[in-house]
Amino acid sequence: MSDPNLDRIADQLESPNSRDRLLGLTALRDVSPVDAVPLIKKVLNDDHLQVRTMAVFALGLKPTEECFDLLMGLLADKDYSIRANAAGALGYLHDTRAVEPLIRLFYEDTDWLVRFSAAVSLGNLGDPRARKTLIDALDSAEVIVQQAAIAALGEVGAVEAVERMLTFVQSDDWLVRQRLAESLGKLPSEKSRSALKYLAKDSHPQVAEAAHYGLQQLDQLDQPSNPAADQPLDS
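In terms of the numbering used here, the sequence shown opens at residue 1 and continues consecutively.
The hints are simulated quantities; they were obtained by calculation from the structure and are not laboratory data. Possibly wrong hints are sitting among the right ones.
25 Å max Cα-Cα, derived DSS-like pairs, lysine-lysine [stated by the list, open to error]:
hint	residue 1	residue 2
1	K132	K191
2	K132	K201
3	K41	K78
4	K197	K186
5	K78	K62
6	K191	K201
7	K62	K41
8	K201	K186
9	K42	K78
Derived DEER-like restraints, expressed as beta-carbon distance ranges [claimed, not checked]:
hint	residue 1	residue 2	range
10	D69	T167	37 to 43 Å
11	T110	W174	15 to 21 Å
12	R29	V143	30 to 36 Å
13	Y213	E66	38 to 44 Å
14	Q220	N17	51 to 57 Å
15	D3	H48	21 to 27 Å
16	D136	N17	41 to 47 Å
17	P33	T96	16 to 22 Å
18	S194	P33	41 to 47 Å
19	A10	Q220	47 to 53 Å
20	R97	T167	29 to 35 Å
21	R19	A141	35 to 41 Å
22	K41	K132	34 to 40 Å
23	K201	K41	50 to 56 Å
Please read all numbers here as calculations on a predicted model, not as lab measurements. All residues carry an ideal CB built from backbone N, CA and C; glycine is no exception.
Could you put together the complete structure from these sequences and hints?
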């Protein structure tokens, strides 16, 4: 017998009312990927952009074997919001095959939102191949892309980028300073520690809090392994 809940969601996704279709996509939250993806595909080419963008991003949250190829195809969509959502969804798949395509997308796409999504996903994938691209992204004209790059450089462990990142210590945008503090806590170096001590005195409480936490992270990274754990057991 078919699942009545899936049948109901399928009916919603086939409704002429876009609100019903959005509700149908929302209802997929607790549905397994293998059952959800065939339903998501019903609205991947929807006439209503909000429905379509939601469906595209849902592919990243319901990973199956075909999601990667579906999202790769959508990176070339004519609508920038679809490309951005496809790029963002690829980061959730944690499939490192997406690294090179996302790097190309970052350099070749003309829309800042797409480049932002590509940078965020490269951080989520945590692959060192993205380091150069993310360092280049620090030169973006869009502050939000700079924020994404700063955060992602911490995720990929780009210690070599610390000196370049420190040019943002006195940024006028407190969110940039907060992202910097969060990222430096993942990049152990003396320059990271010095910058975090400076940011710990920041006038914005969220920046200062992030810097204090970053210093704690560095302390944990600097701690040697427990010597007792390395001792052989007495025979």
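### Query
Can you name, in rising order, the numbers of the hints this structure does not satisfy?
2 and 11
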